[in-house]
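Turn these sequences into a full structure, and let the hints steer you where they fit.
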Amino acid sequence: MEIEYAPHIEEIKKALDTEIDEVNIIAELKKLLQFRVPLAEAKRSLIRKYGGAEKSIVRKLKDIKIGDPNIEITAEVLEVTRKTINIKNTEKTVFTGNLRDETAVRSFSAWSDHDLKAGDVINITQAYVRNWQERPEINLSPRSKVTKLSTRLQEMEESPLRKLSEFKDGDINVHTEFAILSIDFHDINTKDGIKKIIGGIIADEETKLPFTSWVIYPELAVGNTIEVKNGYVRSFRGVPTLNINEGSKIIKLAQNIVFREKVGSRIEDVIEKDGAYDIVVEGNILSIRPGSGLINRCPRCSRVIQKGMCRSHGKVEDKADMRIKAIIDDGTGAMTLVLDSRLTQKICGIGIEEAKNLARTAMSQKAVEDEIKRKLQGRRFAARGNMSKGEFGITLVANDVWEPLETLQEKAQQLLGRMAD
Amino acid sequence: MEKTEKIMDREIAWRIFAHEFNASNLYVSEGDERAPNYIITPTGVKCNRLFIIGVITEVENIGKDNNLWRARIADPTGVFTLYAGQYQPEAAIFLSELEVPAYVALVGKARKYEPEDGNVYLSVRPEEINVADEKQRDMWVIETAERTLERIKIMEDALDSGLSGNELQKFLEKKVKNPALINGVSHAIRHYKNLDRILPELKKSLVHAVKTVASDSGIIYDHPPEKLTSKHVEPGIQERYSIKSIKSMAHEQKPGDGDTTEELEENLNIKEPEEVEDRIDLNELKEIESVEGSEVVADSSGLQTPVQTNEEPPKPGPKEIIDDIIDRLDIGKGTSFSGVIETAQKAGIEAEIAESAIKELMDEGRCYEPKIGTLRKV
Chain A
1 MEIEYAPHIE EIKKALDTEI DEVNIIAELK KLLQFRVPLA EAKRSLIRKY
51 GGAEKSIVRK LKDIKIGDPN IEITAEVLEV TRKTINIKNT EKTVFTGNLR
101 DETAVRSFSA WSDHDLKAGD VINITQAYVR NWQERPEINL SPRSKVTKLS
151 TRLQEMEESP LRKLSEFKDG DINVHTEFAI LSIDFHDINT KDGIKKIIGG
201 IIADEETKLP FTSWVIYPEL AVGNTIEVKN GYVRSFRGVP TLNINEGSKI
251 IKLAQNIVFR EKVGSRIEDV IEKDGAYDIV VEGNILSIRP GSGLINRCPR
301 CSRVIQKGMC RSHGKVEDKA DMRIKAIIDD GTGAMTLVLD SRLTQKICGI
351 GIEEAKNLAR TAMSQKAVED EIKRKLQGRR FAARGNMSKG EFGITLVAND
401 VWEPLETLQE KAQQLLGRMA D
Chain B
1001 MEKTEKIMDR EIAWRIFAHE FNASNLYVSE GDERAPNYII TPTGVKCNRL
1051 FIIGVITEVE NIGKDNNLWR ARIADPTGVF TLYAGQYQPE AAIFLSELEV
1101 PAYVALVGKA RKYEPEDGNV YLSVRPEEIN VADEKQRDMW VIETAERTLE
1151 RIKIMEDALD SGLSGNELQK FLEKKVKNPA LINGVSHAIR HYKNLDRILP
1201 ELKKSLVHAV KTVASDSGII YDHPPEKLTS KHVEPGIQER YSIKSIKSMA
1251 HEQKPGDGDT TEELEENLNI KEPEEVEDRI DLNELKEIES VEGSEVVADS
1301 SGLQTPVQTN EEPPKPGPKE IIDDIIDRLD IGKGTSFSGV IETAQKAGIE
1351 AEIAESAIKE LMDEGRCYEP KIGTLRKV
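These protein sequence lines map, in sequence, to chains A and B.
Read left to right, the first sequence gives residues 1 to 421 (our numbering).
Read left to right, the second sequence gives residues 1001 to 1378 (our numbering).
These are computed hints drawn from the structure, not numbers from a lab.
For each residue, glycine too, the CB sits at the ideal point set by N, CA and C.
There may be inaccurate statements among the hints.
[What the hints assert, rightly or not] The calculated label-pair distances, taken between Cβ atoms and stated as ranges, are:
| no. | chain 1 | residue 1 | chain 2 | residue 2 | range |
| --- | --- | --- | --- | --- | --- |
| 1 | A | S182 | B | K1135 | 50 to 56 Å |
| 2 | A | F392 | B | E1090 | 23 to 29 Å |
| 3 | A | T151 | B | E1030 | 51 to 57 Å |
| 4 | B | K1204 | A | Q413 | 14 to 20 Å |
| 5 | B | K1204 | A | R311 | 57 to 63 Å |
[What the hints assert, rightly or not] With a Cα cut of at most 20 Å, we get these calculated DMTMM-like pairs of lysine to aspartate or glutamate:
| no. | chain 1 | residue 1 | chain 2 | residue 2 |
| --- | --- | --- | --- | --- |
| 6 | B | K1211 | A | E410 |
| 7 | B | K1135 | A | E403 |
| 8 | A | K325 | B | E1011 |
Below is the structure:
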């Protein structure tokens, strides 16, 4: 009997740092097995009970998946920021940032700072991967172990030039060229206090994207054309964003890159991408989704609420708002189009007060949705905004919407020409 | 990301002209009974949802208790048939209040009924319907022509390549983004044997459609509904045909699809053929008189256009010849489907063309199948 347990006891002891009385462990293991607990689970629970850890699985950042329970990562810290969040009325400090290895960049979050600084190369065990806006994020729990390494990550070879349209969340060592369309400065909280960073919009010949520079490079000024080596890409609100940090090389180019907005993009081309910034799509409104029209929001968190009850803030004085969630489809692809109250008014001619009147007269908020449906269903619109992919599918949050110019005759002649061949 | 990929897959609403839609006779169903059914059109559209802006020329209440509506929606190339029942209450109400002719924008699902090999009856079940205007319709025609032309090009390239199977798949993957279209094109190339005739015909209908909206003349929407069926039809008889076709529609309803055969049949209170036998006889006597002595002329040029284009002056095409053949063979109790095909072949019409002409006659309410294999003039 004892012999049978021996290898398992060894295994448990190996996973524990502290010396534990072997007799106790054997007794507890026996007890669990008498309860018909599977052996693997019995071992796991004993290791946990005595503060040990199962061996983490070594992963590269490219390969981590949402839900991975216990992984080991070796990576460089790119940045750490500090946020204070409010959970159930208690203030908590959370540290977030990005980690990079030879394969990808991923975000991380931790409840304590683990003394992390940008540039540190660290080994993490007992980390797990959670879902952050439909993307994997490394989470450091109190059980996680962080060891600083004195080695550096392997230097990466210069990668070939890429277009902004090819950027995907997590890309590292990106090499690209662009013009700077606009910049603005932000203050962020780091654990060493407030730090200035640069945000803004860049563009190559056909694609606009946001960027963030964690370092104030003087070359980053509006109008300049820049070549960046060793940047990385993170998604922010579903849109790929170029990140520039200490490790990046910035070169101001003599030539100019001129952005030309692409008109008549097909939706099938747009939805191929991870996300897109400031694009124009055209298509027919094929469906007005439920939840369009007159809605009520919580005045504190802007969540859509029903009967004046907010999920986080309880009973509140709700605030009336309008929005449209519609399906726009051009015969090559479809996506959800979201319009706020300003744009709803622009294309439907119904303001919030009118909507309230409509709902009051009909004694139903659905009357507003029906009216919107009557006015938009089947019609053709162009919309400008950012496209993202997430839990709710492919969405374009519009900042403008309009009826496209009538180009019927032109298109007809063009088509007849093509068909004559 | 795989998980979200599935959620965001919304079926595209394809842009297809009635000509192409009605020329389709291949359908596929994937997976279990709840999986969507697709119609594969000759340009390889794997169609479940489609978007149409056209003219409703006719609305008919064909169910008991006002709960089943049939409508005809015309584009410049042909006519879609639309059914809205109790599970499409908004569309049913919309149709019941509509004054024809009217421009409408319609999002719907393609439905098929296949009573026997070679015959597929296609219709559209509305999801969303709204009023539209001439401009919107014209724009739809242009867009639909554009999309169709793109697909014809893909089909032509695929045919020219001479590839099949995996090689064709790889060839298409380089040209086409939508996996559903790649799949549909492969299906269409395997199934449609006379694409060398179908595609040029379709192109012809595209040119016609674009010209229709590009010029002020040649617009078809001002045709009164009566012109779409060439002969005046007794209301009672028309209704009987409708019920037959609805019964057909009812058979295609799949479990889990929202509505079931039993429910539909119960609601329709479908009449058996015996109940209306004598009324039909009276009417048919008149019909037979009226066509006596008419000559059957096989017009070889007409054979190339089995699908009727409504705006051209009627030529004695295969459909009209078949119409006459059924007339002559049916001496009161209907005639056999195969007999009509045989006679048509003697008159120089290929069996395939004859079948599609019969189908069109049925679509137009000019003949019907009281039981499978038997044809009868209305």
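(request) Just pull the numbers of the violated hints for me, sorted ascending. (result) 1
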